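Trainee: Residue numbers (our numbering), protein chains in the order written: chain A, 1 to 314; chain B, 1 to 226.
Honestly, the hints are just simulated from the structure, not real lab data. Please note that the accuracy of each hint is not assured.
[What the hints assert, rightly or not] Derived PhoX-like pairs (lysine-lysine); straight-line CA-CA distance at most 25 Å:
#1 A/Lys286 / B/Lys86
#2 B/Lys86 / B/Lys30
#3 A/Lys55 / A/Lys269
#4 A/Lys55 / A/Lys31
#5 B/Lys59 / A/Lys55
#6 B/Lys92 / B/Lys30
Since the model is a prediction, treat every value here as computed from it, not as a measurement.
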Amino acid sequence: MNINPYIIEFLQVAVVIGLAPAFVGWIRMLKCWFQGRTTAGLFQPYRDLRKLFSKEIVLAHNASWIFRFTPYLLFGTAVLAGAIIPILSIDLPLAATADVIVLIALFAIARFFLALAGMDIGTAFGGMGSSREMMIASLAEPAMLMAIFTVSLANKSTSLAEIVQVINSGQMMLRPSLAFAFIAFILITLAETGRIPVDNPATHLELTMIHEAMILEYSGRHLALVEWASMMKLYLFVSLAIAVFTPWGIAVKGSLAGLPAAIGFMIAKLGIAGLIIVLIETGLAKMRIFRVPDFLGVAFLMATLGMLSFFILD
Amino acid sequence: MDISLETAARITSFIAALVLITSFAMLAQKRIYGLIHLFAWQGLFLALNTAVVGYIADKHHLFISSLLTLGLKVFLLPYILYVLIKRLNIRKDVETIVNMPTTMLIGIGLVIFSYHLTAPVRELSTLMTRSTLTIALATVMIGLLMMITRRNAVTQIIGFLAMENGLFFTATSATYGMPLVVELGVALDVLIAAFIFGIFFFHISTTFDSLDVGQMARLKEDEMNE
């Protein structure tokens with residue numbers, strides 16, 4: 001029995017929007033367990049968001065339209081990206097509109113506006129956060145593209161649906177190039193989503209914060225949207241890694257029967273991904289900002305080696 | 001167990017990729033003990049690769065050289081280096097002449113260079129290991145790069161040993177390994193070399209109070225008197 005792909009598309013967007021806070025809650029829970037603290041529960045991020053939505057917005061006098069517009073743009077690009085990445089099914093109507101390069105550009109637009117908004121009010125922290133964010137972005141994006149190109153080369157397509165299809169059919173076992181690209185992608189995900197060796201998502205200490213410094217001036221509904229968008233970004237990066245490197249279990253061509261299994265597989269894989277992130281975060285200390293280029297240099301190296309080993313070995 | 005040539009080629013290329021990773025990790029490593037561990041890992045992957053090639057190509061002398069690699073490069077040489085560092089009480093961090101990202105970029109350049117260099121051999125060869133030849137040559141070159149860009153004599157020796165790893169790897173992937181007599185000779189040479197290095201290190205460090213090779217530029221008598 002088949003189901004209209006548009007319904008799956010809507011369902012997937014709903015899953016991205018709805019489950020992203022739970023994923024963050026899961027990571028925080030695991031982290032609490034690893035550090036021997038009591039947890040606030042899986043649903044604490046939802047409560048935080050509800051609280052923020054009910055608070056009033058405090059705007060600086062000199063805030064321009066960029067500052068007010070950015071939260072909606074961040075949320076919008078995240079939702080759009082959630083419609084493009086094959087998370088539940090390969091057969092997504094919107095996936096045909098954008099390939100993986102457009103996807104990276106979407107994230108870049110969001111980051112560009114976030115950096116502008118950080119500088120918009122003119123406080124020292126915002127500017128500092130923006131400049132740091134752009135430094136990391138300028139190093140992470142080439143590495144990200146390189147890793148994605150390696151995968152595209154191996155699958156002969158930049159369309160995400162096609163890549164997932166080829167890898168899902170099992171022709172790609174034990175490819176060194178994909179292994180290199182996967183390592184690079186993990187490192188980039190840590191940097192792009194502001195996880196520990198690069199940025200600490202739980203800190204508000206002046207000297208170390210990057211993402212938090214940019215959004216320091218936001219409050220109320222705006223802050224809720226920005227926070228939600230960054231939760232979705234983490235969810236999307238992990239989903240992208242799952243889709244591109246371990247897509248097994250994803251529903252093919254609009255079959256209704258495959259959907260519950262796809263959701264089950266997705267939750268299981270996200271659970272494992274959260275565990276991996278927490279293991280990395282617990283095992284490492286945050287590095288000095290000037291060591292980050294070395295870290296991302298390694299990511300770039302891995303991605304480049306992946307591309308080279310595609311030509312050499314495959 | 002019977003595995004097809006296709007699968008065997010996949011396995012050897014995967015091990016080759018691991019060897020390449022260890023090479024680059026050695027370039028990036030900032031601590032001397034970490035360097036020795038990586039060297040041991042590289043030896044382990046080499047031994048594994050040799051054993052796989054020996055099994056597929058039905059060359060039983062490769063098993064012996066695989067065991068030799070395992071014993072010598074995974075356990076004995078790292079142990080000797082470990083003891084040396086402990087006895088000589090040298091600095092634990094690696095000093096480089098060129099900074100790390102640049103070294104990495106040069107390393108990538110070397111991989112591309114060896115890809116072009118081995119292109120004719122790949123065209124002619126019919127062995128299933130022909131694609132790993134590039135990585136074997138790259139390992140030699142990265143070892144050489146490590147010798148050039150390091151300041152400390154011990155790290156230069158590790159670079160030299162990594163180079164020897166690469167040569168061994170090249171022999172395995174280009175011709176299914178050298179005759180056993182040659183392999184035994186090389187293994188013995190490397191072992192002897194390690195002992196001689198040890199003695200040299202000892203003399204260098206007692207003469208100059210340091211294993212920094214930059215110090216050796218002051219060998220001339222007149223500069224010593226200044």
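Trainee: Mind checking the alpha carbons of A/Lys55 and A/Lys269 for me, to see if they're no more than 25 Å apart?
Mentor: violated (35 Å)
Trainee: Given the hint that B/Lys86 pairs with B/Lys30, does the C-alpha gap stay at or below 25 Å?
Mentor: Measuring from Cα to Cα gives roughly 17 Å; hence the hint holds.
Trainee: Can the restraint linking A/Lys55 and A/Lys31 be considered satisfied, given a maximum Cα separation of 25 Å?
Mentor: violated (28 Å)
Trainee: Below or equal to 25 Å on CA atoms is what counts here, so check A/Lys286 against B/Lys86.
Mentor: Violated, at about 30 Å.
Trainee: Taking only the CA atoms, is the gap from B/Lys92 to B/Lys30 under or equal to 25 Å?
Mentor: holds (9 Å)
Trainee: Quickly compare the C-alpha distance for B/Lys59 and A/Lys55 to 25 Å and report which way the hint goes.
Mentor: It is violated: about 75 Å lies between the C-alpha atoms, which goes past 25 Å.
Checked against the numbered hints above, the structure violates hints 1, 3, 4 and 5; every other hint is satisfied.
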